[in-house]
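Participant: Those sequence lines, one after another, are chains A, B and C. When the letters of the first sequence are read in order and numbered with the working numbering, they come out as residues 54 to 234. When the letters of the second sequence are read in order and numbered with the working numbering, they come out as residues 17 to 256. When the letters of the third sequence are read in order and numbered with the working numbering, they come out as residues 20 to 624.
Don't take each hint at face value.
What the hints assert, rightly or not - Cross-link-like lysine-lysine pairs, in silico, DSS-like; alpha carbons within 25 Å at most:
id	chain 1	residue 1	chain 2	residue 2
1	C	K595	B	K191
2	C	K90	B	K191
3	B	K146	A	K155
4	C	K534	A	K196
5	C	K387	B	K174
6	C	K595	A	K100
7	B	K174	B	K22
8	C	K558	C	K589
9	C	K387	B	K56
10	C	K544	A	K174
Claimed, not checked - If we take Cβ atoms under 7 Å as the criterion, some of the chain A residues that face chain C in the derived model are:
id	residue
11	A55
12	K56
13	H121
14	I145
15	M148
16	I152
17	L154
18	D159
19	L163
20	K174
21	D178
22	L183
23	V194
24	K196
25	D198
Quick caveat, the hints were computed from the structure, so don't treat them as lab data. Only a predicted model underlies this, so the values are computations on that prediction, with no experimental measurement involved. We put the beta carbon where it would ideally sit given N, CA and C, even for glycine.
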Amino acid sequence: MAKPKIATASLAGCFGCHMSLLDIDDRILKLVELVDFDKSPVDDIKKFTGRCAVGLIEGGCCNEENVHNLQYFRENCDILISVGECAIMGGIPAMRNNIPLKECLDEAYLNGPTVYNPSGKIPGDKELPLILDRVYPCHEVVKMDYYLPGCPPPADLLWQALVALLENKPMDLPYEVIKYD
Amino acid sequence: MSDKIKFTMDGVEIEATQGQTIMQAADEAGIYIPRLCAHKDLLPFGSCRVCTVMVNDRPQAACTQPVSPGMAVDSETPELNDIRRSIVEMLFVEGNHYCAFCEKSGNCELQALGYRLGMLAPRYPYMFNKHDVDASHPDIYIDHNRCILCGRCVRSSKELDGKNVFQFVGRGIHKRVAFNSDTDLSGTDVSVTDRAIENCPVGAILKKRSAYAVPIGKRKYDSQPIGSDIESRKAAVKQS
Amino acid sequence: MAENLERDVKQICSRNGNDRTRMMDIVREVQDRFGQVSGQAMNTIAQAVNSHRVEVESVVSFYSFLSEEPKGKFVIRLCNDIIDKMQGVEKVAEAFREELGIDFGESTSDGKFTLEWTPCIGMCDQAPAALVNNKVLTRLSSDSAREIVQSLKQNEDENRLLHMLGDGNNADPLVNSMVNNNIRERGPVIFADLKHGTAIHKALSMSAVEVIKDVKTARLRGRGGAGFPTGMKWEFTRAASGSEKVVICNADEGEPGTFKDRTILTEKPDLLFEGMTIAGYAIGAGTGVVYLRGEYAYLRPFLESVLAERRNKNLLGVSILGKTGFDFDIRIQMGAGAYVCGEETALISSCEGLRGDPRNRPPFPAQKGYLTLPTSVNNVETFCCVARILDKGAGWFAEMGSKGSTGTKLLSISGDCTRPGVYELEFGITVSDLLEKAGAEDAYAVQVGGPSGQLIGEADFHRKICYDDVATGGAVMIFNKDRNPLEIAHEFMEFFCEESCGYCTPCRVGNELLKQRLEAIIAGKGTPEDLDYLEQLGKTVAVASRCGLGQTSSNPVRTSLKNFRGEYEKLVRENKDGMQRTFDIHKALAAGEDLQGRKSVIYAD
């Protein structure tokens, strides 16, 4: 029987949650026995090669490319998991959510005390994805099935949750692994 | 005449002193009822509603409801714990709680209740309301993004510090804590040693230059759920 | 100016005895005099009454008729409750906007006008209505709105806005109002005649305990909505320790769609004061307070004159009607625009000059109420019933209505009907009989008891208006087939969000969340799971909120969902592809596209 496939993505995140996934250390060998990795920065597969059992999403949606990618994941994964605070609530990028976009960009690229920007322009190359009015938690954009909190979620949480899911067992997560920081 | 009475908590008979609240009696018996606005040194306030229990099948706040003989109190039921979690989740979405960099993380009672009640993510959408930060005072700063309007600072200042630094202004979702000052916090007579500062359950009122003193793993709620101290009394109560 | 301010504010405080428990009167006067309660005024007040600036700010920020920011000389408050909306308030609003060149929530640059929305002002039977300062203007149209602004610009006198006076005492020079009573049915309890003093006289011939016994025999229950037995409340208050006791009349008629107390206050104030005096005798109270909602300020001079007359006749004051030792007087306490003050403990807080936050119970007001004194708070109509019970006898009263709901009830009917107004009817009338009387043959939904009551449909029209079936404090709002129950619920949720005191979490946050999800469903973006979400959240608000108002604040959603589930189901749709319909990529991109001057390529359509 073919192994189930999992995919991962880092949207508006810092890749810390991916680092935490790698922190499962030698258990990664066991994970590879359990699953195949499909689209993911881990293996640099850019397009889904087939339907995936699980998609792990790090980061919220701060631009159109994040939204597009997240929707692409929703279309191709049976189960989508918000991994970490940014996916769950926008995280640090969402600190801009109660500041109007223009004010935010002006501060970042023009007026901030540490800005060095001789062009006096806000970056606007057409290759850059358009920024959204605010950062959206993943579940506001698509339906998410599970949430694994933490910044990042501890490797033990990711490991135990994934194994439970793949082995179709109830997630009985100990107190120590559920943390929001 | 004895002022002791008996009532049941989740079917177990416990003893209490007339005049106590349900929460005080439960605490003494080593039974923890989740709470946020309640504080042992302050008068009951009844605002957060996390301590909601059923008294003879009617909802009441355990922190304000006095005990009476023979009453039947339900507390640890799936329904009540869901309501409690629901309230904690409301507070998480009402404010802007970035646990990742909050100095109170690990020692925060709101966060700890989230852990204890099994919140992975709030079921409600985040409001992302705008709140102010006041860093005007040399020793204290206040981040209204993290304020849960429990009123502990308001009450501590009055009841314990003999001052009147804080008070609520506005109403509904616009309710917030204001300072007794023409300008900002620096214009008040608040002091870093005030109980009002230390009694904040979340990271809304913090002492400057004191952050992150305890490493992750050793903080108050890293490995012990909130309420463990009260529950550890249970063994002692049983022995006596 | 600054010196004047300080001097005048100090004078106002001193006129009120520099008494911090009279804070409401102080800040109301300052607001009237200066159009605001500025930070400087707060400091002066705090000093004068030996309080703290932040305590004054706490009060000022709570009530919608008070403000730290300056208001115009003329504050136009247009009522935006659902009935006014149905009667076309939006056109009136547009006329005000155009004529004044400002939007709601704004003031004109010359400081003359402020335009605001306000929740129900108790004029649903003559909507659309507005307040211009304390003047009530009814049956507005876009034309009359323009005339109002022009007249105010020209004459700078709100008294010159009235072309016609209302019926009955509305035409009394002290009321001088265009409000109409619209009393459609007069019953034997409230609207019958009573010779002043006869009920008091009768009460004084009995012992206080016997008076309470009479009220109990009549099985009188509170008319405000909760229906607590009045005699029992009085008994508790009488039995409470303390030599000084207080009677408070709740005239904070704020439940949208309720305007029955308005007609009592206009036409039957003597009956009310008679009842309060009897309560004073029964409880052993020397002080009576009428807490009058800010919106009814136009009735105050008239009510004061009635009180003065009663003092002249020794129906109030020392040794009333020669009864040595029975001293009782009544003062009027004005509210300042806060629905929650209709909750009895919030009302007491407000009377004491505090924010209108409800209090924890116990202690109950009967044990520890106004200024910690044992206090009985009763509704306007309840006191009137008491006077009539003493006059006509408990047996006579108890024969009317049903076993659990004796006597008559005033109902204020409004909405889609041909005969809106006030009806005094025996308890037990069915909703359908009521609809017939009101001329509402095509009723589709009826909100009984106001937003905190229930929205019922045809299946429940056979039910009876009484405490044990469909209970109401007096509001009956009628909606025909053209109205959408979800939009009705949404209107009411907006009201509760606006009026929540914010003290407890479920009411403060939960109602915002309910409103938000309801909006998504109305916009066609809801899923079947959203109905469970509403149900569960509504229940949490009902179970966990602190006061009676919070506990009923989710009723618009809960009862409309229960009785009009089909209307909800019509609007929700399964989410099959997992994409959230509440997320609008084009809306999310608009600001970015604007700033960058380019359109999205990914989301080109």
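Participant: Each hint should be assessed against the structure and marked as holding or not.
Facilitator: Evaluated hints:
no.	hint	verdict
1	C:K595 - B:K191	violated, 39 Å
2	C:K90 - B:K191	holds, 21 Å
3	B:K146 - A:K155	holds, 16 Å
4	C:K534 - A:K196	holds, 21 Å
5	C:K387 - B:K174	holds, 21 Å
6	C:K595 - A:K100	holds, 23 Å
7	B:K174 - B:K22	violated, 34 Å
8	C:K558 - C:K589	holds, 23 Å
9	C:K387 - B:K56	holds, 24 Å
10	C:K544 - A:K174	violated, 38 Å
11	A55	violated, 24 Å
12	K56	violated, 24 Å
13	H121	holds, 5 Å
14	I145	violated, 19 Å
15	M148	violated, 17 Å
16	I152	violated, 12 Å
17	L154	holds, 4 Å
18	D159	violated, 10 Å
19	L163	violated, 12 Å
20	K174	violated, 11 Å
21	D178	violated, 9 Å
22	L183	holds, 4 Å
23	V194	holds, 5 Å
24	K196	holds, 4 Å
25	D198	violated, 9 Å
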